[in-house]
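Chain by chain, the residues:
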Amino acid sequence: MSVLLYLVPMALALGLAGLFAFLWSLRAGQYEDMDGAARRILSDEDVRK
Amino acid sequence: MGAEAVDYSVFVDRDPSGHDQMNLVVEGISDDSAIADIERGLSALPGVVRARLNFTNHRLSVAWGEGASADVVMARLSELGYRAHPFAPPAADEEAQRAKWLLRCLGVAGFAAMNVMLLSISVWAGNVSDITPETRDLFHWISALIALPAAAYAGQPFFRSAIAGLKAGALNMDVPISLGVLLALGMSVVETALSQEHAYFDSALMLLFFLLAGRYLDHAARQRTRSVAANVAALRGEFAHRLDGTGQPVLVPVQALQPGDLLLVPPGERVGADGLVLDGRSSVGEAVVTGESLPRIVSRGDTVHAGSLNGEGALTLRVTAGGNQTLVDEVQRLLDGAMSARSGYVRLADRVARAYAPVVHVTALASALVWLAMGASLHDAVMIAVAVLIITCPCALALAVPAVQVVATGALFRAGILVRSPDMIERLAVVDTVAFDKTGTLTLPEPVLRLPADVDRSLLPLAARLALSSHHPLAAVLAREARGAPLAGAMEESGSGVRALIDGREARLGSLAYCGLPLPAHLSPSASLIAFRLGDQGFVAGIEQALRSDASDIVADLARMGLSLVLLSGDRPEAVASVAQALGVRDARAALRPAEKIAALTELKDAGRRVLMVGDGLNDAPALAAAHASLSPVEGAALTKAQADAEFLGTRLAPVRDALACARSAMARIHENLGLALLYNLIAVPLAVGGYVTPLVAALAMSGSSILVTLNALRAGVPKAPAAGTTPRERHP
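The listed protein sequences correspond, in order, to chains G and X.
Residue 39 in numbering that gives the first Met the number 0 sits at position 40 of the first sequence, and the numbers go up by one each step.
Residue 158 in numbering that gives the first Met the number 0 sits at position 159 of the second sequence, and the numbers go up by one each step.
Since the hints were derived computationally from the structure, they do not count as laboratory data.
Please read all numbers here as calculations on a predicted model, not as lab measurements.
The beta-carbon is built from N, C-alpha and C at its ideal position, and this holds for glycine as well.
Take these hints with a grain of salt, some might be off.
[Stated by the list, open to error] With a Cα cut of at most 25 Å, we get these calculated SDA-like pairs of lysine to any residue:
id	chain 1	residue 1	chain 2	residue 2
1	X	Lys99	G	Met33
2	X	Lys99	G	Asp34
3	X	Lys99	X	Asp136
[Claimed, not checked] Pulled from the structure, derived: some chain X residues nowhere near chain G, Cβ distances all over 12 Å:
id	residue
4	Gly109
5	Ala169
6	Thr362
7	Ser702
In isolation and in its complexed conformation, chain X is listed as follows (with noise of 0.2 Å):
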């Protein structure tokens, strides 16, 4: 970051001893060494008194007292040869807390459920065998004694959400499962309380022990992709150039800036916050929020967008605080409307629980009037209602779809596919349409170099170096194929180019005009133009947003499985028809300005089609909210990311047939675990209708369904992608 002072200060706060602490998230930890490299590289620094590597996540939690600063951390980081970035721990925080408080209330079930079944298994036995009535009591309020301070804790979960759902006027799993378990519990209290030979202890705390593995299984697995998503975004953590009251710029991070502040905006940089032009003239490119791939010319009095590309000029910015803007203003209105339409989709587990739960407790009251109408007694009818209660609490039914949740969304992660939303799996499998944005979705995030193929490659090396020197953007593209230091004395022309002395003979780097070349054939009409000149000798280049590597074979695959495709950019027409015409897509439109997508949206979804959303820029926001599902990729803007169920990673398209793959097979796992669950309580409600079942048969029953549909739900996962029409390399290092 050069000579120029960092202020770290929004990344450092105060741990519970009054010690300075930082949170980092650091870059190429791979093998065990890193672990002591690290931890013992920074707890030499004189004031370091923790260094702690969670190797798991990559994050590295310092603190320090009197003689060390966040400063001498960093620099001594970079020394060991790391790359490491400040990183604010999200508010998931919420999130750890909610699994660590799960964890707990597992482990209380778990306790209490396997002593509770150390001493059923001694009633059962003595049962048919010669257990005294007086030991049989002892043992079943030893069992009570464990089972209602253990259910009262380890329920909390269930009876919480149950009573919310209650509130809201709707039955979701939650309520009979509480009313299984409290049923369970409050017979079992009374039965030994008269003495009677069966009681349901060890039924409900095994209830809650599966359901409750359910629930932080699937918990722990979101919360992995989170943190992973959370570390991106830290990786990508980017700097503004604050102006201080003196003039002098400092470094800060753009999560530091506030409506007011002063920023420079050197050439070739991201802007780091929205705001008005103060000063300057430049061409900044828009390709992230706009999907705009030709540049605007900004000058004094103009909006530029957080995250658009500097040009070749320097800007002096006001920051403006976000949402007073046209575009940003817009894209905010819209997500709030998209938002609100969305939120009506009900979960296929809880649209289960709507239809399963009256019908569950009307069987359980009409076995019991059936029973009473036949001469039962009042004790023995109530004794069979609460069985059929207990029998079909909906234990598999609510593993049905965790389980297979948490299998699948692991398999995603490793196919570089981080889930957001819980019920994006289910909202993906019914998806018949796919939408694409084009720039930085179809296309590379960042643009390549095109050399016609006449070209004198040998020139290439002395302009990549040359290229060096420059700070414009198109110049940056060529500058990565640089192998060697800048030419000394080159001197950048701003607005034309830059020139230096070689051997005698001048090298030029800018613009045609600038070079004196004439316009060449054999380039695409969408691509930027650079020109390279050394005495008489010299070539045009075209630099222009390419296709993902393997953009043509997805899309193609898309469309083998059944799925419509559409395009909806905000580039222009001939650009955006290009791309359409390489990937074969017959329904594309372009110059969509976000208000426009979602009409499209609307349109499509009006015909009966349900759209999968693919977009990154900040324009896609609306839409992504608005689609039936959406994805994103990870360099996508952060607002528009915020909107997508997932988000995917590299430079490859094949995550999205991936997780449109891996979500129908997910699917279809879930139908066949519903299906079992079904399967079940057509076995198992007879049964306890006809009073034919006791704990022992309960404990069987349950366990039994349960492990079923969990070890079916080990089957979903990505399934093998075609072998045709991959392409296994990455043209992208």
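Okay, chain G solo, but in the shape it has when bound (with noise of 0.2 Å):
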């Protein structure tokens, strides 16, 4: 059972990494545009040559 004594910890780590980028994502503002994130992607123009 000693193996508990890493997976436990690195299985609440992995979760409280998921839960930092969900709320830094947040802050940032990535979920005001959803429609204008899901267009930005297809557009090539902002490539600066």
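Reconstruct the complex from the two isolated chains, following the hints.
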């Protein structure tokens, strides 16, 4: 059962990493323009030559 | 806007990095290229540091430093071919903050629920195989470590609302929710400390997750309709000509006007603020304000109201603070009374909670006492009571109403109806009488041209081009028919008409007397007349308020839906009578003042009717607030729309029928959902009372019932309109 000693913390750390990534993306305003994000990804006009 | 200077300063503010910034609503965004066009086009300007277009709500945020200004940005946008309107982000910012907060809570609850479920499934699997008590306790303690802080954070929306409800002496739905979550957590900690088999950490978190998802969706759906409504308001954003100290007119947004400002209102423009006429003489159309379709003559000393349409003469006004004139004052006073009357309405979910919460709490207590009396230990009896509270925690019940509302709000949004108040659907569904205002509601907001059948239509293009040179509102209607430039050398004679020389013949457009034409026989008596004469030819056209293209079909549909119809108008009796006759509405009342409209509604209410009021004018605002439910076209007066439960878009009346049909169907889904939630409780509560509920059973029962209720909610939408009696085409492009 000693495997739990590092598996449980690892599972928790991964979950927390996901949570912080979500909170960061929320704070960065990534959910404010869902339609725009879907369209911007297809536009190549932002590629600077 | 011509050469006149424009003052955008009200819309410009400082962003945190010290740049000036402005928000705009942009028209005509339809495809992906708009994003690149606008953002690159603006960023290329010297001084512009940021240009970001939000494709979802069509809002553009621009920031600039040295070298750029609001005027440069606006000019650049129109060069790029986009019409933009400055926009002050409304106080709804608080709503956006709340949406973000709910989403953060949802994220935390989701993270915690997933991780605790991971541990719980290990424990459930271990309980039927070979888990050691030490490992189980370790897993339970880790679960507690995750669940307690997560619930303390993610449960706040419910805890706060429950405390607020208790302080107000009412049991809302959040009281049993909070109690259920807190008890589940508290008991689980005690059980863990006693090294027992069962802990309910996962139940508590799953409950929070489902409920927060419902709250967030509900909030997001309403926020979307609010932002569209705010955009429409910005697109109609109006400017006024303010006279500065030297008497020079400067264009300012009407929001920037202060009491005491001097205002110039040119012929044919809308009045930007309530004011006192200092100079000038004109007729003003107050259809938007009072519903009266004939213009009123004003001169020095008279008051005019914001939204009125100025006629043939220029007026100079002194802006007065809203509230010290007869009409606005009266409307405001009536509003205060009407709003307090409606606040007595209790939402269905809260009414259910009031009945539900005591029953649940009594059942839990009773089952503990019965088990004690039957010789169970105190520990077991308390366990049973807590299991009852957890299993009855109104997860399905709390989702039953919001899930349907989210789906119905979305369906209404697609049908062109912007829902403002959260409980509108419940109130709309029980309506049995529809009261319509006439002008601007049953009729189109803008008047239309009516030509008698025997008129020589070949003169019309010429007349329309001549009308371009006139400032008169009636001529403006005719001018919409114009194809081509205004006629050279046209002269406007204020108060009578315009004239020009065409191929040596004199053309005149104006009053009948000005053109020397007789009164025609075939025009409706409610129309205003405009005459055109070229040499010895000529015609007289009527300009009148036209019914919305589908008005009679919709009124017939409403009657077929079993609703009784009433017409409450501030307009003259003969104008109201002709509309009532055309639509087949028997109960039509004319020349009503705002207070009389409320009296008419009160009379209907006393007769046991639940009334939907549909109106747009300032004079309708108190009636909208007093009615059981209310709708307003998006062109209505701002004060009026603020009272409406929903606004509808477009030139057709169909949204009124769709809203009613959708509300009724949504209400049916809500009742089914409440039935499902009740059924769930009827099955689950005896199991809990009998002591058969383990955490696994609780998890399955709660998620199962929640999913069932949500799926049923998806069936709510706008029912298919009856095939007969609808006109798919728009008569007015």
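Exercise. What are the numbers of the hints that this structure violates, sorted from low to high?
Worked result: 3, 4
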